[in-house]
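**Q** Sequence:
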Amino acid sequence: MLVAIGYIALATGLGNTSVGFVLALIPLAIVLLGVRWLDRWDPEPMTMLLMALLWGAGVAVLSALVINTTAIMRIYESTQDPTMAETYGAVFVAPISEELVKGLGVLLIFLVRRHHLDGPVDGVVYAATIAAGFAFTENILYFSQNAALVGEVFVLRGIFSPFAHALFTSCIGLAIGLAARSPRTVMIVLAFPLGLLGAMALHALWNGSAALAGNFFAVYLLVQVPLFLATVGLLFWLRHLEARVIRTRLGEYAAAGWFAPHEVDMLASLRLRSQAKTWAAALGERAKAATVAFQRDATTLAYRRQKLRAGRSTRAERTEVELLQAITEERRTVADVAAARQ
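Take -5 as the starting number for the sequence shown in the numbering used here and just add one per residue.
It is possible that some hints are incorrect.
Pair ranges (Cβ atoms, derived) [stated by the list, open to error]:
hint	residue 1	residue 2	range
1	Ala333	Val219	48 to 56 Å
2	Leu277	Pro39	51 to 59 Å
3	Leu191	Ala334	53 to 61 Å
4	Val180	Val106	47 to 55 Å
5	Val226	Pro39	34 to 42 Å
6	Ala275	Trp31	49 to 57 Å
7	Thr73	Val219	27 to 35 Å
8	Leu19	Arg265	28 to 36 Å
9	Glu246	Ile182	21 to 29 Å
10	Phe230	Ala23	17 to 25 Å
11	Val(-3)	Val106	21 to 29 Å
By construction, these hints were calculated from the structure, which means they are not laboratory data. All C-beta atoms in this analysis are idealised placements derived from N, C-alpha and C, irrespective of residue type, glycine included.
With the hints as extra help, turn the sequences into a complete structure.
**A** Quick look at the structure:
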């Protein structure tokens, strides 16, 4: 990322780059807050999210910059038409190169740290984080290159469409995440290319509608807003899907006596989880810590059982017995603290 920002500073000047950097933090924060909202059931490790962000902001941006610049130069040499070269670059080259290098980051996480990417929400979280990093550096470039019109460019990119890159690349994360829960090996093989095609198509549609249409606001309302609303609907569906997985899998343990029905209800509801943590916090830090650990380990147990049913478990994960022992101890800790307060 530092290399990319250094390149931008050399090309546009330190002052313009500094302004662009500060402005680019705003859409970055908006996207990361959205990622945080989605990632509440089983939050991903901060180190993994940071690696994803840096991949997008550094490796992916620099790779795409080289590919895009080279391709646009070749198109210009063939056509001698700078407008055509820029349009072709935006509509055909950028969607392919940018989604490929961003998508490779998601694929790398899945291959190297598979136990961290074990469902559609995880896939979208990592894809959106990579895309947020990519958009951050790209925004610095656009803001710096258009210093005289930086306010207008900021509104268009930072306010009207901060989620654009996250929307595209989430196709890849969603495909890989769904495949991670499938018992069919062929789904793993097909997930990346199918997700990549979806990401490229959305990216091309977005860029094409902006580059080829004369009325930006009409295109924004007719094409870009519906895409965004569809994505929001998808995210709500994914959160509902996670709740259903947790309720179903922990319900199986409840039938065997490991959980009480009211515990399953609490664990399958973000609202009830929050209430439980508030109640435990009133008992003291020990009870609060045990409640947080109880919720975390129970969620991990549900996801582990889901993967076992799909034949996708990995050796790096805690065993079922270890998780059940930890959950039992955490429940006992909360009960002991509550009894002592009476």
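**Q** Against the earlier hints, flag every one the structure doesn't satisfy and list their numbers going up.
**A** 2, 4, 5 and 6
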